Amino acid sequence: MPFDQALRFASIWLASTSFIGLTLGAGLPEWLAVLTGAALIIALLRNAGGKSVGQLATHTLMSTTGWNLLVIVGFLGFWVDMLWVSGELLPAGVHFLMILMIIKLFNLKLRRDYLHLYAISLVAILASGSLTTDLWYLPIFLLYLFVGVWTLLLFQLTKHPEEPRILTMSVAMRPQPLASVSQVTPQFFWLANGLALATFGLTLVIFFTIPRVGAGFYQKGFGENIRTSGFSETVNLGEIGPIKRDPSVVMRVELSDGPPQEAGRLYLRGVAFDQYDGKAWTNRLNYRRAVSEDAVGTFVLRSSRSFATPRLGDTIRQNILLEPLDTPVLFAAPLVERVSGKFPSVQSDLTGSVYLPFPSSSRIEYSALSRSNPVLPEDLSAEPSVYPESVIRHFLQIPSQPERIAVLAKEITHTQRTIYDKATAIHSFLTHNFRYSLDAPLTEQDQPLEEFLFTRKTGYCEHYATAMVIMLRTIGIPARLVTGFLATEWNEYGNYYVVRQQDAHAWVEVHLPHSGWITMDPTPPSIESIGSESPAWHALGRMLDTIRLQWGRFFVQYSAADQLAVVRELKAGSTSARNKAVDSISTLFSPFMAMFGGMAGYASKGMIQSLAEVLVPTLIGLAVLLWLGIRRPWVKGMISKKTTRDEQVIMQLYGRMIGHLARKGIAKLTAMPPLEFVRLTQEQWSNAGSAVASITDLYCRARFGQIPPTREELALAEDHLRNLMTLEKP
Amino acid sequence: MNPTDIIRAIQENIARVIKGKPQVIEMSLVALLARGHLLLEDVPGVGKTTLAHSLAKSLDCSFKRIQFTSDLLPSDIVGVSIFNRQKQAFEFMPGPIFANIVLADEINRTTPKTQSSLLEAMSEAQISFDNKTYPLNQPFMVIATQNPAEYHGTFPLPESQLDRFLMRLRIGYPSPEEEKKVLDRPQSLHPAEELRPLLATHDVLLLQEQVDRVLMEESITDYLLAIVQHTRQSDLLSLGVSTRGALALSRAAKALSLVRGRTYCLPDDIKELAPIVLSHRIMVARTQGLHQRNFEQAERIIQDLVDSIPVPV
Chain A
5 MPFDQALRFA SIWLASTSFI GLTLGAGLPE WLAVLTGAAL IIALLRNAGG KSVGQLATHT
65 LMSTTGWNLL VIVGFLGFWV DMLWVSGELL PAGVHFLMIL MIIKLFNLKL RRDYLHLYAI
125 SLVAILASGS LTTDLWYLPI FLLYLFVGVW TLLLFQLTKH PEEPRILTMS VAMRPQPLAS
185 VSQVTPQFFW LANGLALATF GLTLVIFFTI PRVGAGFYQK GFGENIRTSG FSETVNLGEI
245 GPIKRDPSVV MRVELSDGPP QEAGRLYLRG VAFDQYDGKA WTNRLNYRRA VSEDAVGTFV
305 LRSSRSFATP RLGDTIRQNI LLEPLDTPVL FAAPLVERVS GKFPSVQSDL TGSVYLPFPS
365 SSRIEYSALS RSNPVLPEDL SAEPSVYPES VIRHFLQIPS QPERIAVLAK EITHTQRTIY
425 DKATAIHSFL THNFRYSLDA PLTEQDQPLE EFLFTRKTGY CEHYATAMVI MLRTIGIPAR
485 LVTGFLATEW NEYGNYYVVR QQDAHAWVEV HLPHSGWITM DPTPPSIESI GSESPAWHAL
545 GRMLDTIRLQ WGRFFVQYSA ADQLAVVREL KAGSTSARNK AVDSISTLFS PFMAMFGGMA
605 GYASKGMIQS LAEVLVPTLI GLAVLLWLGI RRPWVKGMIS KKTTRDEQVI MQLYGRMIGH
665 LARKGIAKLT AMPPLEFVRL TQEQWSNAGS AVASITDLYC RARFGQIPPT REELALAEDH
725 LRNLMTLEKP
Chain B
404 MNPTDIIRAI QENIARVIKG KPQVIEMSLV ALLARGHLLL EDVPGVGKTT LAHSLAKSLD
464 CSFKRIQFTS DLLPSDIVGV SIFNRQKQAF EFMPGPIFAN IVLADEINRT TPKTQSSLLE
524 AMSEAQISFD NKTYPLNQPF MVIATQNPAE YHGTFPLPES QLDRFLMRLR IGYPSPEEEK
584 KVLDRPQSLH PAEELRPLLA THDVLLLQEQ VDRVLMEESI TDYLLAIVQH TRQSDLLSLG
644 VSTRGALALS RAAKALSLVR GRTYCLPDDI KELAPIVLSH RIMVARTQGL HQRNFEQAER
704 IIQDLVDSIP VPV
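As they're listed, the protein sequences go chains A and B. All the letters of the first sequence, read from the start, carry residue numbers 5 to 734 under my numbering. All the letters of the second sequence, read from the start, carry residue numbers 404 to 716 under my numbering.
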């Protein structure tokens, strides 16, 4: 493809890329998006050779004055837009930009117009960058960068042929070398792509190194908080159900101790409730107190030392990335011991739930250490036990339920002796006799719990959990309802759980006299949740989610602290690499050093180390230079073009010989080729003939045959010339 | 034996027959090695036919001679289809063009129709007959002769056909001493018959390939192009040298370098070849008051031109 056509193509693509970026990011009004898209397609078609389309568009539409009028109208429209329609500078500016782009696309005549188009597309891509932080911006931006490098390269390359040239006689006689270069050759293609890649690499380096300014602006439009339910003061029965189909990601939980045990489930506790009024759960123990700060950013809820019992459960370390939610609750596996994150303060209530002072408007990252209570042997024996007063007061409340529930609970548990066994019996009763379903809108019922237990026998997690809590309480066992998330989606690519809105869950905490609160989940596993999608598609989704997470973490929320971390890691890496290099070089140099005896002992390691420090980068630099030198074809050309020293010597000798013969009266005319001159000399001065012939032969070989003379031949030629100088012309 | 020695041996071989004309022999070899065709223009009886014959003899090549007359038909050159009674089908009988070296004697005596039947053979090295193409033997070389003195009853060759000849040579009368040697030779035998072949056809092809490997330095190419440009701009000429002409000069120069035992071209090669390779491709302007096809005039113009163009140093 010729350069100028390639330039037109690249320019239109550049504009298209920025247009796509803006359309995805700013949500252009439909009529404007369609109009701009059409303009781009027409421009492309025109360039591809669809002359008729292009002519139609340019010539029948309007004249230059018409276009200029359109610009003025567009500018007036911009003010109207800004002041009354959209009311903001950025959207109005973006709309005006698109109109400008359309006008420019139809008026690409001079090189100046191309420059204008580039400026417009640059502003467009920058605008879309400031309007979004989504992942799709990355490929669009990369594409823009790529096409941009191509365009600028082509723009520069097409510059020369357009400039006027003075045709001299000699130039006109030679074939124009430009004709062969002004095509996009494979070499050129790869050179341009390499350049684009290098630019991208450089951009990355700059991105990671320069200080973050204006981060606030770019993070401004980070998006709305996700609406959650089930974590407020009051939860209606059946409130969690509707969100069970919402797949938006709520958080991601990284486990530092590898993949999870327990069949890949992780409970993430949110809020606990103590009061049930027959329809809704309420947390009466909602008095929040500030949690004491252990170190900076580390908040201890309960210290492991405070437990009297010798046996402790396993700890779970989690690193949680919480999307912006409309609740200040901090989720973690039960029961949280300590939370650390960049928070000024953390609060907790009496049920062990953890809160921030207010909901966060951006994604937050924190880590939590949790330890669940194990069931102690004392609770497995039949010893009668007494609960503390505070527990009895809060967790045995029962609403005015029909007697049937209490009867049912007694019926199920009358054969069991211990509290733990009774709880287990109710748990297994609910798990085995009831069906899990999401199609159970029970909120309207007067007695949703009775309806669930005796009529429908179908419900979702809240029904199960409520039923279990109430049944336990009717037989005198303290229990409470807990809401949170049940994480089941393990991402093996990033080693984390993806927790979605649909993973919202409710379960039960039962208080055992010795062990304390233990978690029990009476909800049977959902049949519907078993994957209907293909595994390959799943894996792809998980991989994409990993990329999205890294994008958010390393680009969108990349902060000065992260920069420091990168620098620190690089420094550590380079130090270890340098140490290795020093070691290998010292082993290499040790024999020489031994030779120097005492001196070596004196200089020893320190000197070698400094030597190595200088040597290694120098060698690397030289290798790079050498590689570049070999790779670049124009350098190769210069080397073959350049005459060697021996060739220059013989040319000088020949020149001296010509000069000498001219002084002797045998002039070499400009139109006389070398051998003809030899014949002329032989005719006019036979004595000099052999010397002239031999020097001329060497000269011709070097000059036209590119065969450099040997040293002996050169020496002989010099002898010949000296003889020639001494000869007398008859 | 290296190429230079072989070529010298051939030259000496032919020189035993063609006395006193080493340059003509050399140039005919150049034409052969450059895959070109030769136009010999001279009065009758100076050895044009003998030259062609002895070249073919020294090369172990097949040799055919076509005497061009005004009633010669294309089928006399190319071949004819003859009905074969046994096979009940027409059969192509190849004409005399199917040889390695073809002597087209007195080519300007025949009609343009017949002359042009040579065209395809000379440029494409193939013959089309009855919608079929027949490749010619390789190497293939046409040596045409024409008589400049007899304008009566001749059809001058068209430019297109002249352009297809690599070079045009004149043999000229031998010197009296050389002529005496010719007379002293036994008359009973054709002199070319006693030559023995020195080179197989296959080796000729190898030599032709060697020509392609001869180095032409950039400045020499520029020099060649300068000459060509000057012919196009000269006021003395109404038609300059075509691109085919430039290509022919380049190929001939390479072949001459090989014949002279070099692996690279010199400006001398170009300058020496320019008159004989270019002079039949140009038209002398009418303002010169001379006959347009005056070859001697054309040669002199080219020679003057070459003498005025600076050679690369």
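Derived from the structure by calculation, the hints contain no laboratory data. Quantities reported herein were computed from a predicted structural model and do not represent experimental measurements. Where hints are given, some of them may not hold.
Unchecked claim - DEER-style ranges, computed between Cβ atoms: (1) B/ARG599 - A/ASN727: 42 to 48 Å; (2) B/ALA492 - A/GLN191: 39 to 45 Å; (3) A/THR674 - B/GLN426: 54 to 60 Å; (4) B/GLU580 - A/ASN727: 32 to 38 Å; (5) B/GLN426 - A/SER690: 20 to 26 Å; (6) A/ASP723 - B/GLN426: 40 to 46 Å.
Claimed, not checked - Cut-off 20 Å, straight-line C-alpha distance, at most; resulting in silico cross-link-like pairs (DMTMM-like, lysine to aspartate or glutamate): (7) A/LYS668 - A/ASP650; (8) A/LYS672 - B/ASP707; (9) A/LYS672 - B/GLU527; (10) B/LYS422 - B/GLU581; (11) A/LYS672 - B/GLU581; (12) B/LYS516 - B/GLU527; (13) A/LYS283 - A/ASP549; (14) A/LYS672 - A/GLU687; (15) B/LYS467 - B/GLU527.
Note that the Cβ used here is the ideal one computed from N, Cα and C, for glycine as well.
Practice problem: Determine which of the earlier numbered hints do not hold for this structure and return their numbers in increasing order. | Solution: Those not satisfied are hints 2, 3, 6, 7, 9, 11 and 13.
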